[in-house]
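Participant: For reference, the chains in residue letters:
Number of protein chains: 2
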Amino acid sequence: MARDRTPRRKGRPVDYVHLTHPFTPQSVFSDDAIAALHDAALGLLEQHGMKILLPEARALFAAAGARGMGDMVFIGRDIIANALTTAPRQWRMRSMNSARERQYAPGQLLFGPGAGCPNATDLVRGRRPGTLRDYLETLALQQSFDVIHILGPSVEPQDVAAPLRPYAMMQAQICRADKPMFVYARGRAQVQDSLHMIRLGLGLSEDDWASGVWAYTVINTNSPRQLDNPMAQGIIGFARAGQASIITPFCLAGAMAPVTVAGALILQHAEALAGITLSQLARPGAPVSYGGFSSNVDMKSGAPAFGTPEHLKMQLGSGQLARHIGLPWRSASGSASNTADMQAAQETTHTLWGAMLAQATLVVHAAGWLEGGLSFGYEKFINDIEALQTLAEMCVKPGDTLDDFALDALAEVPPGGHFFATAHTMARYDGAFYSPLVADLSNHGQWTESGALRSDQRATAIWQRTLANFQPPAHGEQAADRLAPFIAARTAAGGAPPLD
Amino acid sequence: MARDRTPRRKGRPVDYVHLTHPFTPQSVFSDDAIAALHDAALGLLEQHGMKILLPEARALFAAAGARGMGDMVFIGRDIIANALTTAPRQWRMRSMNSARERQYAPGQLLFGPGAGCPNATDLVRGRRPGTLRDYLETLALQQSFDVIHILGPSVEPQDVAAPLRPYAMMQAQICRADKPMFVYARGRAQVQDSLHMIRLGLGLSEDDWASGVWAYTVINTNSPRQLDNPMAQGIIGFARAGQASIITPFCLAGAMAPVTVAGALILQHAEALAGITLSQLARPGAPVSYGGFSSNVDMKSGAPAFGTPEHLKMQLGSGQLARHIGLPWRSASGSASNTADMQAAQETTHTLWGAMLAQATLVVHAAGWLEGGLSFGYEKFINDIEALQTLAEMCVKPGDTLDDFALDALAEVPPGGHFFATAHTMARYDGAFYSPLVADLSNHGQWTESGALRSDQRATAIWQRTLANFQPPAHGEQAADRLAPFIAARTAAGGAPPLD
Numbered sequence: 001m002a003r004d005r006t007p008r009r010k011g012r013p014v015d016y017v018h019l020t021h022p023f024t025p026q027s028v029f030s031d032d033a034i035a036a037l038h039d040a041a042l043g044l045l046e047q048h049g050m051k052i053l054l055p056e057a058r059a060l061f062a063a064a065g066a067r068g069m070g071d072m073v074f075i076g077r078d079i080i081a082n083a084l085t086t087a088p089r090q091w092r093m094r095s096m097n098s099a100r101e102r103q104y105a106p107g108q109l110l111f112g113p114g115a116g117c118p119n120a121t122d123l124v125r126g127r128r129p130g131t132l133r134d135y136l137e138t139l140a141l142q143q144s145f146d147v148i149h150i151l152g153p154s155v156e157p158q159d160v161a162a163p164l165r166p167y168a169m170m171q172a173q174i175c176r177a178d179k180p181m182f183v184y185a186r187g188r189a190q191v192q193d194s195l196h197m198i199r200l201g202l203g204l205s206e207d208d209w210a211s212g213v214w215a216y217t218v219i220n221t222n223s224p225r226q227l228d229n230p231m232a233q234g235i236i237g238f239a240r241a242g243q244a245s246i247i248t249p250f251c252l253a254g255a256m257a258p259v260t261v262a263g264a265l266i267l268q269h270a271e272a273l274a275g276i277t278l279s280q281l282a283r284p285g286a287p288v289s290y291g292g293f294s295s296n297v298d299m300k301s302g303a304p305a306f307g308t309p310e311h312l313k314m315q316l317g318s319g320q321l322a323r324h325i326g327l328p329w330r331s332a333s334g335s336a337s338n339t340a341d342m343q344a345a346q347e348t349t350h351t352l353w354g355a356m357l358a359q360a361t362l363v364v365h366a367a368g369w370l371e372g373g374l375s376f377g378y379e380k381f382i383n384d385i386e387a388l389q390t391l392a393e394m395c396v397k398p399g400d401t402l403d404d405f406a407l408d409a410l411a412e413v414p415p416g417g418h419f420f421a422t423a424h425t426m427a428r429y430d431g432a433f434y435s436p437l438v439a440d441l442s443n444h445g446q447w448t449e450s451g452a453l454r455s456d457q458r459a460t461a462i463w464q465r466t467l468a469n470f471q472p473p474a475h476g477e478q479a480a481d482r483l484a485p486f487i488a489a490r491t492a493a494g495g496a497p498p499l500d
Numbered sequence: 001m002a003r004d005r006t007p008r009r010k011g012r013p014v015d016y017v018h019l020t021h022p023f024t025p026q027s028v029f030s031d032d033a034i035a036a037l038h039d040a041a042l043g044l045l046e047q048h049g050m051k052i053l054l055p056e057a058r059a060l061f062a063a064a065g066a067r068g069m070g071d072m073v074f075i076g077r078d079i080i081a082n083a084l085t086t087a088p089r090q091w092r093m094r095s096m097n098s099a100r101e102r103q104y105a106p107g108q109l110l111f112g113p114g115a116g117c118p119n120a121t122d123l124v125r126g127r128r129p130g131t132l133r134d135y136l137e138t139l140a141l142q143q144s145f146d147v148i149h150i151l152g153p154s155v156e157p158q159d160v161a162a163p164l165r166p167y168a169m170m171q172a173q174i175c176r177a178d179k180p181m182f183v184y185a186r187g188r189a190q191v192q193d194s195l196h197m198i199r200l201g202l203g204l205s206e207d208d209w210a211s212g213v214w215a216y217t218v219i220n221t222n223s224p225r226q227l228d229n230p231m232a233q234g235i236i237g238f239a240r241a242g243q244a245s246i247i248t249p250f251c252l253a254g255a256m257a258p259v260t261v262a263g264a265l266i267l268q269h270a271e272a273l274a275g276i277t278l279s280q281l282a283r284p285g286a287p288v289s290y291g292g293f294s295s296n297v298d299m300k301s302g303a304p305a306f307g308t309p310e311h312l313k314m315q316l317g318s319g320q321l322a323r324h325i326g327l328p329w330r331s332a333s334g335s336a337s338n339t340a341d342m343q344a345a346q347e348t349t350h351t352l353w354g355a356m357l358a359q360a361t362l363v364v365h366a367a368g369w370l371e372g373g374l375s376f377g378y379e380k381f382i383n384d385i386e387a388l389q390t391l392a393e394m395c396v397k398p399g400d401t402l403d404d405f406a407l408d409a410l411a412e413v414p415p416g417g418h419f420f421a422t423a424h425t426m427a428r429y430d431g432a433f434y435s436p437l438v439a440d441l442s443n444h445g446q447w448t449e450s451g452a453l454r455s456d457q458r459a460t461a462i463w464q465r466t467l468a469n470f471q472p473p474a475h476g477e478q479a480a481d482r483l484a485p486f487i488a489a490r491t492a493a494g495g496a497p498p499l500d
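Residue numbers (the numbering used here), protein chains in the order written: chain A, 1 to 500; chain B, 1 to 500.
The shape of chain A in the complex, shown without the other chains:
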């Protein structure tokens, strides 16, 4: 379905899979200010420390020379500096389908879906707590559009018992998709089983497994300055397995972070550096990404806000900090809107442009996110795909050959004439322009006759058609056969309870 609608240019499909940033990264702080923010974050870690709940993680820091006091760890700047020399600048995101593989590197642009939503919503069935069915459907949506580059935990399948949930989510990602995968860091047992399933299901050799990153996880610190057990285990476990951790403090200015952009970024940066350092202590050279997802709260209600000027400024500042330390980094778009309306589109579009100008390597929550992540919207997803495809097209420069200049056509068409029938137009007619997915360009009369549907209403038919036409990739059946005995055994054993 998605492929059918991929616009063509001179008969060739536009590549929505391999995107490189087209814009110069933009700044909100001077280089001196960025250096000072970085220094302030180092000072915070050194003098005031991080609370790290996991003894194993504290031991790694202590072995590197960090001072400890109870569960507080004071991380000297030399330890951070060392970690930043071993953290890789890029890695290969692997997939069963080599056409889906990407380099995760500064300057590359990857989009991930809205993730971590406890609820799902669409215009047909309304808003409901997420189920496995919702997860499978939204996974199929992710898989169906080339402009979504990595899988994400779109909807939480709450009808699957927590200890069994990773088996359901991994089975689906392995068998029903072929993009780089996401694994939740909910304790060592779940992580180990999830990574094992990838190797088992895809039949990977040791060499295959070691040759790149098959799965990533997102590590959220508990701002301010705290790292809990599952997150610390996740960092260590992913590092030792050679898989990618994306360290993403979620710093809400005015609540869990200072009320200023600069203050919130210092906290974000300190927490991210602590996480990055832990990964390098667990295994030097382990793939680890800088992450920033800082915004502000609504000072009236305390609710998180997205798409605000403060959010955009923090995106740009985060990009500067990531470039300062030289690592690839993850940003996010976002919306606080409760429904797929103009607010939702505006907030998401603003933050997509913010991520473009901040030159984020990975933009998560790029499609389908509503209610600040409490709900995954099917119609919102389809409309967001339109925005992502538009930005993907911006990664291709317009042609600048003599042929593109159309000098013959310009000479041929007289004043007041038109270019519809020129040879230049006729030769390029098919696929000359982006072909909209959900945007309706018809005039008001035609639109009214077609039922006067808003873009959210039109999107319903598109996700329904996408799901109806969905075909899992060819490797899925064999992978399912390989996984079945393992899943049965682990299920019989009660699964793997998440770590608190």
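In short, the hints are calculated from the structure, not lab data.
We treat Cβ as the ideally placed atom computed from N, Cα and C, and that holds for glycine.
Please note that a few of the clues may not be correct.
Straight line, CA to CA, 20 Å or less: simulated EDC-like cross-link-like pairs of lysine to aspartate or glutamate [claimed, not checked]:
hint: 1; chain 1: B; residue 1: Lys51; chain 2: A; residue 2: Glu412
hint: 2; chain 1: B; residue 1: Lys397; chain 2: A; residue 2: Asp430
hint: 3; chain 1: A; residue 1: Lys51; chain 2: B; residue 2: Glu412
hint: 4; chain 1: A; residue 1: Lys51; chain 2: B; residue 2: Asp408
hint: 5; chain 1: B; residue 1: Lys397; chain 2: A; residue 2: Asp32
hint: 6; chain 1: B; residue 1: Lys51; chain 2: A; residue 2: Asp408
hint: 7; chain 1: A; residue 1: Lys300; chain 2: B; residue 2: Asp430
hint: 8; chain 1: A; residue 1: Lys300; chain 2: B; residue 2: Glu412
hint: 9; chain 1: B; residue 1: Lys300; chain 2: A; residue 2: Asp430
hint: 10; chain 1: A; residue 1: Lys397; chain 2: B; residue 2: Glu412
hint: 11; chain 1: B; residue 1: Lys300; chain 2: A; residue 2: Glu449
hint: 12; chain 1: A; residue 1: Lys397; chain 2: B; residue 2: Asp32
Using C-beta positions, here's what the derived DEER-type ranges look like [unchecked claim]:
hint: 13; chain 1: A; residue 1: Thr20; chain 2: B; residue 2: Asp32; range: 20 to 26 Å
hint: 14; chain 1: B; residue 1: Gln47; chain 2: A; residue 2: Ser211; range: 57 to 63 Å
hint: 15; chain 1: A; residue 1: Lys300; chain 2: B; residue 2: Gly416; range: 23 to 29 Å
hint: 16; chain 1: A; residue 1: Ala452; chain 2: B; residue 2: Gln192; range: 42 to 48 Å
hint: 17; chain 1: A; residue 1: Lys397; chain 2: B; residue 2: Ala423; range: 37 to 43 Å
Residues from chain A that keep clear of chain B, each with C-beta distances beyond 10 Å, as calculated [to be verified]:
hint: 18; residue: Ala189
hint: 19; residue: Gln192
hint: 20; residue: Asn338
hint: 21; residue: Ala468
With the hints as your guide, set chain B onto chain A.
Facilitator: Then chain B, alone, in the frame of chain A:
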């Protein structure tokens, strides 16, 4: 109303009136390609010419050495080059309220409202042909928000006879607003009466009148390569009156322009250069702006598309061409959507960012435009104001003083604590963040209890309240008294018929 909602930062209102571009302008073409596009436009004018219907305009070109043949004028590149040396790089946009005045100059950022719409639409009264009431209401909306910097002909008052329409529109702009004004170029008689009304109504001295630009007009060529009588009269009349013409070809790639971005831009550039040159031949040094409003058509229906990748690329290319010739320039946002939905917000937000990155001096159609300009949407206007205010906030860099770094607060709040009650937060609480106009940040339960209103539905109450609270500026009553006899006399004489 608008002022009540202006967010405060450290107790001081954020200035939404005086905006300077915060971003580095972005390119889609190499500098060499831009030089080649410029050269191709010069070649087109020189070898293939423009059809210029107005004999007076042809005479001005002939006097400058241009070759003529019938109503075709072949404009040598030396004539263009001369015009570009006399065209001013900036000018002062004047207003009765000095606090509203702006420099129209490269690097400055001005927003204008959706303009030229034959219809008006809102959720209460539906879509209807525009009336004087709609024009007056939408003028009040323009006047009420600081982030709209110049007035525009939002809705066409079709219930006022065409020969009398300029008197109604100028009376309203002069008496019910205090921002730089718009005058339609619909023939010499209308233009002269409109400009006379400004001087008369505001009681301007010769010095006042000559000290800057009180009114602007938009000149649309008839692409390809044709300039009609009212437009040519407008260029000449505005130039001789020292008022500003904004030369804006409307080049739709695939219809009235070549199907390629480069080809359409060559045509746009040639037509803009011809108009700029005519203004300088009429009066060297006359204020004249480069303009670009090129997009593509939907190749299925031939309908204009907005917010597409091709539209965005043409915005960026237009900015490069404007910088190549060193003139300030006008871009536009736009939407083809038939209603105030996600498509509308997405297309408009994309093109606002496009204009920001193309460093447009003036962005017209920035609020309220629907149906590719066939309808002015009240709820769309309110939602667009939110986008404009967000972009206006981006013109202010975040603070980078030690005080902004919040080091004491960062040291004071323990791991797992919060910053709500720190002295740093309390001192900045009021006005720390942008305060949304129409975005609803409440959670799903609160939102549902409040009626589950979409942002377009919430916007209704906001425009209603804005209109209910609207107060014309203080000078309005006296201006109305000054204008009344003139309007009565011109009305008695039948007004000024528009020139075809």
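Participant: Verify this label for me: Asn338 (chain A) is non-interface relative to chain B, using a Cβ-Cβ cutoff of 10 Å.
Facilitator: Given that some Cβ of chain B is not farther than 10 Å from that of Asn338 (chain A), nearest at about 4 Å, it is violated.
Participant: A range of 37 to 43 Å was offered for this pair. Does it hold for the Cβ distance of Lys397 (chain A) and Ala423 (chain B)?
Facilitator: Violated, since Lys397 (chain A) and Ala423 (chain B) (Cβ atoms, about 51 Å apart) do not stay within the stated range.
Participant: So does Thr20 (chain A) sit 20 to 26 Å from Asp32 (chain B), Cβ to Cβ?
Facilitator: Since Thr20 (chain A) and Asp32 (chain B) have Cβ atoms about 21 Å apart, the given range 20 to 26 Å holds.
Participant: Between Lys300 (chain B) and Glu449 (chain A), does the CA-CA distance stay at or below 20 Å?
Facilitator: Holds, at roughly 18 Å.
Participant: Checking a non-interface call: every C-beta of chain B should be farther than 10 Å from the C-beta of Ala468 (chain A). Is that right?
Facilitator: Per Cβ check, Ala468 (chain A) is outside 10 Å of chain B; nearest 23 Å; holds.
Participant: Holds or violated: Lys300 (chain A) and Asp430 (chain B), Cα atoms, limit 20 Å.
Facilitator: holds, 10 Å
Participant: Hinted pair, alpha-carbon criterion (20 Å max): Lys51 (chain B), Glu412 (chain A). Please report holds or violated.
Facilitator: holds, 14 Å
Participant: Going straight from one Cα to the other, do Lys300 (chain A) and Glu412 (chain B) come out at no more than 20 Å?
Facilitator: At roughly 23 Å apart (the allowed maximum being 20 Å), Glu412 (chain B) and Lys300 (chain A) break the hint.
Participant: Regarding the pair Lys397 (chain A) and Glu412 (chain B), is the alpha-carbon distance no greater than 20 Å?
Facilitator: Measuring from Cα to Cα gives roughly 50 Å; hence the hint is violated.
Participant: Given the hinted pair Lys51 (chain A) and Glu412 (chain B), is their Cα-Cα distance within 20 Å?
Facilitator: Holds: Lys51 (chain A) and Glu412 (chain B) sit about 14 Å apart, inside 20 Å.
Participant: Within 20 Å, alpha carbon to alpha carbon, are Lys51 (chain A) and Asp408 (chain B)?
Facilitator: Holds: Lys51 (chain A) and Asp408 (chain B) sit about 18 Å apart, inside 20 Å.
Participant: For the hint 42 to 48 Å, verify it against the beta carbon of Ala452 (chain A) and that of Gln192 (chain B).
Facilitator: Given a distance of about 44 Å, which is inside 42 to 48 Å, the answer is holds.
The structure is inconsistent with the numbered hints 2, 8, 10, 17, 20, although it conforms to all the rest.
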